[in-house]
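Chains as they are written, first to last, in the working numbering: chain A, 1 to 319; chain B, 1 to 250; chain C, 1 to 544.
Please keep in mind that the hints were generated in silico from the structure rather than gathered at the bench. Just so you know, nobody snuck in bad clues.
Calculated pairs, DSS-like style, for lysine-lysine (alpha carbon to alpha carbon, straight line, at most 27 Å):
(1) B:Lys18 with A:Lys135
(2) A:Lys141 with B:Lys248
(3) B:Lys227 with A:Lys309
Examples of chain B residues lying across from chain A (beta carbon under 10 Å, computed):
(4) Gly129
(5) Arg158
(6) Ile160
(7) Glu225
Think of the CB as a built atom: it goes at the ideal place given N, C-alpha and C, for glycine as much as any other residue.
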Amino acid sequence: MTTLAVLEQRDGVLRKISHEVVTAAQRLGGAVEAVVCAAGVVQGADQAAKFGADKIVTLTNPAFAKYAPEACAQALAERAKLGGYRCIVFAASATGKDLAPRVAAKLGVSVAADLTDLATDGAGLVVTRPVYAGKALLKMKVMSQPAVLSLRPNVFTPVERSKAGAAETVAVNVPAGRVMVREIKAAPAGTLDVAEAQVIISGGRGLREPANFKVLEELARAFGGQAAVGASRAVVDAGWRAHADQVGQTGKTVSPSLYIAVGISGAIQHLAGMRTSKVIVAINKDKDAPIFKVADYGVVGDLFEIVPKLTEEIRKLHG
Amino acid sequence: MKIAVCIKRVPDSETRVKIAADGKSLDEAGVKFVLNPYDEFALEEALRRKEKAGTGEVVVVCLGPAVAQETIRTALSWGADRGVLLQADKIPADPFETAKVIAAELKTTSWDLILFGRMAIDDYNHQVGPLVAELLGLPCVTAVSHLDIEGTKGVAEREIEGGIEVVDFPLPAVLTADKGLNEPRLPALKGIMAAKRKPLEVKPVQVGAGVLEVVALTPPPERKEGKIVGEGAGAVAELVRLLREEAKVL
Amino acid sequence: MDKIVPAQYQPPLPLDKLILQDGAEGAGDRMELDVLIVGAGPAGLACAIELARLAKADRTELNIGVLEKAEALGEHSLSGAVVNPRAFRELFPDLKDSDFPFRAPVAKEAVYLLTAERRWRLPTPPTMHNRGYYIASLCEVVRWLGAKAEALGVNVFTGFPAAQLLVRDAAVAGVRTAPAGLDRDGKPTPGGTAPNDLVAKVTALAEGTRGLLAQAWCQWQRVPSENPQIFALGVKELWETKQPLDRVIHTLGWPLPGDAFGGSFVYPLEPNLVALGLVVGLDYRDAALDVHVLLQRLKQHPLLRALLAGGEMVEWGAKTIPEGGFYSLPERRSGAGVVLLGDAAGFVDVPSLKGIHYAMHSGIYAARAIFQNLKNGAALSEYDRLVDASYIARDLYRTRNMRLAFRDGFYLGGIQAALMTLTGGRFPNGKYRMHADVEVARRFSPGLRPGSAETPVGVSKVDAVFKSGNSTRDTIPSHLIPAKDVPVEVARFYAHVCPAGVYEAIDGGLRINAPNCIDCKATDVLGPRWTPREGGSGPKYKRM
Numbered sequence: 001m002t003t004l005a006v007l008e009q010r011d012g013v014l015r016k017i018s019h020e021v022v023t024a025a026q027r028l029g030g031a032v033e034a035v036v037c038a039a040g041v042v043q044g045a046d047q048a049a050k051f052g053a054d055k056i057v058t059l060t061n062p063a064f065a066k067y068a069p070e071a072c073a074q075a076l077a078e079r080a081k082l083g084g085y086r087c088i089v090f091a092a093s094a095t096g097k098d099l100a101p102r103v104a105a106k107l108g109v110s111v112a113a114d115l116t117d118l119a120t121d122g123a124g125l126v127v128t129r130p131v132y133a134g135k136a137l138l139k140m141k142v143m144s145q146p147a148v149l150s151l152r153p154n155v156f157t158p159v160e161r162s163k164a165g166a167a168e169t170v171a172v173n174v175p176a177g178r179v180m181v182r183e184i185k186a187a188p189a190g191t192l193d194v195a196e197a198q199v200i201i202s203g204g205r206g207l208r209e210p211a212n213f214k215v216l217e218e219l220a221r222a223f224g225g226q227a228a229v230g231a232s233r234a235v236v237d238a239g240w241r242a243h244a245d246q247v248g249q250t251g252k253t254v255s256p257s258l259y260i261a262v263g264i265s266g267a268i269q270h271l272a273g274m275r276t277s278k279v280i281v282a283i284n285k286d287k288d289a290p291i292f293k294v295a296d297y298g299v300v301g302d303l304f305e306i307v308p309k310l311t312e313e314i315r316k317l318h319g
Numbered sequence: 001m002k003i004a005v006c007i008k009r010v011p012d013s014e015t016r017v018k019i020a021a022d023g024k025s026l027d028e029a030g031v032k033f034v035l036n037p038y039d040e041f042a043l044e045e046a047l048r049r050k051e052k053a054g055t056g057e058v059v060v061v062c063l064g065p066a067v068a069q070e071t072i073r074t075a076l077s078w079g080a081d082r083g084v085l086l087q088a089d090k091i092p093a094d095p096f097e098t099a100k101v102i103a104a105e106l107k108t109t110s111w112d113l114i115l116f117g118r119m120a121i122d123d124y125n126h127q128v129g130p131l132v133a134e135l136l137g138l139p140c141v142t143a144v145s146h147l148d149i150e151g152t153k154g155v156a157e158r159e160i161e162g163g164i165e166v167v168d169f170p171l172p173a174v175l176t177a178d179k180g181l182n183e184p185r186l187p188a189l190k191g192i193m194a195a196k197r198k199p200l201e202v203k204p205v206q207v208g209a210g211v212l213e214v215v216a217l218t219p220p221p222e223r224k225e226g227k228i229v230g231e232g233a234g235a236v237a238e239l240v241r242l243l244r245e246e247a248k249v250l
Numbered sequence: 001m002d003k004i005v006p007a008q009y010q011p012p013l014p015l016d017k018l019i020l021q022d023g024a025e026g027a028g029d030r031m032e033l034d035v036l037i038v039g040a041g042p043a044g045l046a047c048a049i050e051l052a053r054l055a056k057a058d059r060t061e062l063n064i065g066v067l068e069k070a071e072a073l074g075e076h077s078l079s080g081a082v083v084n085p086r087a088f089r090e091l092f093p094d095l096k097d098s099d100f101p102f103r104a105p106v107a108k109e110a111v112y113l114l115t116a117e118r119r120w121r122l123p124t125p126p127t128m129h130n131r132g133y134y135i136a137s138l139c140e141v142v143r144w145l146g147a148k149a150e151a152l153g154v155n156v157f158t159g160f161p162a163a164q165l166l167v168r169d170a171a172v173a174g175v176r177t178a179p180a181g182l183d184r185d186g187k188p189t190p191g192g193t194a195p196n197d198l199v200a201k202v203t204a205l206a207e208g209t210r211g212l213l214a215q216a217w218c219q220w221q222r223v224p225s226e227n228p229q230i231f232a233l234g235v236k237e238l239w240e241t242k243q244p245l246d247r248v249i250h251t252l253g254w255p256l257p258g259d260a261f262g263g264s265f266v267y268p269l270e271p272n273l274v275a276l277g278l279v280v281g282l283d284y285r286d287a288a289l290d291v292h293v294l295l296q297r298l299k300q301h302p303l304l305r306a307l308l309a310g311g312e313m314v315e316w317g318a319k320t321i322p323e324g325g326f327y328s329l330p331e332r333r334s335g336a337g338v339v340l341l342g343d344a345a346g347f348v349d350v351p352s353l354k355g356i357h358y359a360m361h362s363g364i365y366a367a368r369a370i371f372q373n374l375k376n377g378a379a380l381s382e383y384d385r386l387v388d389a390s391y392i393a394r395d396l397y398r399t400r401n402m403r404l405a406f407r408d409g410f411y412l413g414g415i416q417a418a419l420m421t422l423t424g425g426r427f428p429n430g431k432y433r434m435h436a437d438v439e440v441a442r443r444f445s446p447g448l449r450p451g452s453a454e455t456p457v458g459v460s461k462v463d464a465v466f467k468s469g470n471s472t473r474d475t476i477p478s479h480l481i482p483a484k485d486v487p488v489e490v491a492r493f494y495a496h497v498c499p500a501g502v503y504e505a506i507d508g509g510l511r512i513n514a515p516n517c518i519d520c521k522a523t524d525v526l527g528p529r530w531t532p533r534e535g536g537s538g539p540k541y542k543r544m
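Please model the entire structure based on the sequences and the hints provided.
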């Protein structure tokens, strides 16, 4: 029973999230065939072998130079229809969320989407996914053959389990499709809404003066467009930061995956709504600051030393 | 412009989730239901485009129980022209089944645009839009946060990791709406009154069980006690490691 | 400063902003109705339902509109509550008690006098017998009534606060709603909505406790009352408990100081779903008294600590209650084009802790008077006549001095109250004069600070506000009107008054966290004036 692991490339380079897909595919037992749609050779595709791909297939077509949803979906569906695949696994990345349902529909099934866990047991394939904004977990049995799955990013930590990774290139003849990606443009800087961000770095009075917020802006930039800089109410009222940056006071559910409170002593208690953040990190020089009671992880010390170091480490990760 | 907007009635985002006695579903006692927030962007977009074109029709389609008529009325109070409730007591766990029912309803009309919200805030499936598009054989762009249309040509922007994808597509098409597409309007008194007189058709439908079967709905794991990782810049490496491997947020 | 008189720092009601000539510019939409009801609480909805039924029976069509400032029905409704079903039975003669939105009949009840460690069971005062009544959530009651009203064709507009009275000469013509989408400085933004004018032949003001437009109308038309209205503040929590509770409990005494009037209630909506709260008269003398903090303290009493152990607080909220009773009712509750219903008029009986059925019945009587007024031109004062001839007036008259006696303190008040009960209201002969709460001097003393050695913390105000479901837009302009210069001692007093942490004393002044406000109106009674803000602001109570 083979699992088809769909890798993601951009501009001819394999995206790291692909390692997670292969790792998860490994978990299902049986052989793993990694597949990627590209216009030519994909740099780093061979890495899939490190994480468990027995075979790495590159489906080529000039249309795949950019993400071509219809062409890609058709190519993958045709490959899937060749048969023998128990599961087809995607990453629930921005592209994956677009592509997986198209492929699934062509196979006459839906996607078990955004999974945080999967297992095969006697009963078959059982998957887990967060629902209600993470306030509950849904466990489901997937009864379709093949089963189409998509994985929540950053959950299936890549595990090295080297396999042969026999490379194969297949030119596929599919129409380019009606939906064409024209280009990828950079996200305009600083427009990430605090309420929308996956990562929020909030600064309080501990920053000492408005100019020092650039330390937090540096850290936000290190996250590559997913992070916004927020501000405590005290700092907004003092005029240091714009009103739009104020992180909620009256408990609106702002739920970033990661909330980093820098130089905020206990004003976090004003942000009772932050409790639904997935992870809260506090950085403060006062070890008795109430913020540490609310945070999952705390670092005590001088933020002007800690934050730049954190920026450096994050940059390394996202590089 | 003839635009269909597919909407869903969902629990309010502030709902305190309690598991029902069957261990598989939400306990709905005291739960406030609302129009899915992402559907609001879709509805607003549809209304603006119809208002700009001067003529046309915005039809709201909803799969849901009888009480979902209230949700359709809300959409009508914004300015939609008529509504269709595909009535089923239970919304299936399998989104493909939902897509089949909706596609069957939409098939009989030729639409310029069919709009969905990017995803529903209860099940987070973000699939029904593209599944319906495949069933209808229409082009589809998901998670649209900016839209321009000239005649039968459209350009959409969608957020991807580290950038914005600019996508060309032809009309008619299926689009799913994301935050940022527009600023949904606030309800107007006159609209609320007018909504009562607009046509709302109720059509009972049969929905299949599909291939996804719910085994259990459980609360998330308990939030663990926090810990101080260390002091000073020296603790950062460990912090990052924990965030990566333990908390899995990096 | 050793004492403060809050009146010295409270701005007057901004009458010039509250009364607007009909036709004044500034409105977006204008809607004409036959009857406009302000407030979708039990009074407003009962009025709407009775009116719709009268019209239906008469085969006429009435265009009835109910304005509600909350985003959805019930979200600003809060009460204990133990409900006397008589008004439900009057409004729905074809339904049985089991059809009504009540949770459980009152089975057992107990009244306790508390000290810090112990409790003493007291015989239930005759005014507080609740047999035959039902424990209910006012939110659920309102949602149920709302559905009935809409089924009868009543238009219920949620998310629309009434901000100003529209008048034509001395007659009320309708209301203007608050605008939505103003920025922090009060300026309109592109996505916002302009105010709307709703005009009607009759406007029923059913805004609830300390209703703004009701106050404005009484002042504008100079409608007197024998005593000023006085208020209590109730802070309430809803708990899912591990231990079941099988009785309705009321307590007196600890943790209230001897010169404060009030007590607590503990009601099981279900055996493991318990509503509990502390109600304190706002004429208390200690400037540092903090009702929310006292409630946190109360929960430490062995009686409650055992009940709540292992449980979870699922909701929190607060609201004031008009306590002045008979002598604080406005001399007339009707006028040209207007009637006053429910708590806004003051129809609450403190000794029995009841107001919901009076509110509903006042709505029913008003509907009858309004219907006759529309049909035959009969005077709206018929509403006053109906109320005065009814059990509402009878009940309130019988207990007319009971609450007022407690201004002399708990013990003296208790003796006088007992005498009143024994004599069926004949004692005393005269009437107790009361001062408005805002005129009562408060002294400064150490008071109860959360976290001090004496007082355990319990739930902090900001966490409590989160549990009220409050998700008001943080950039909303402040809706509160303080005095120009507020000394830090007065700021501290306000901080104790407000259960939601709106006020903070900082750096020698007053900081206002307006989005925290949950519309309890305590501020309007003792501090900065309250005005409505955009629809949907404030709490989102679910089962309070």
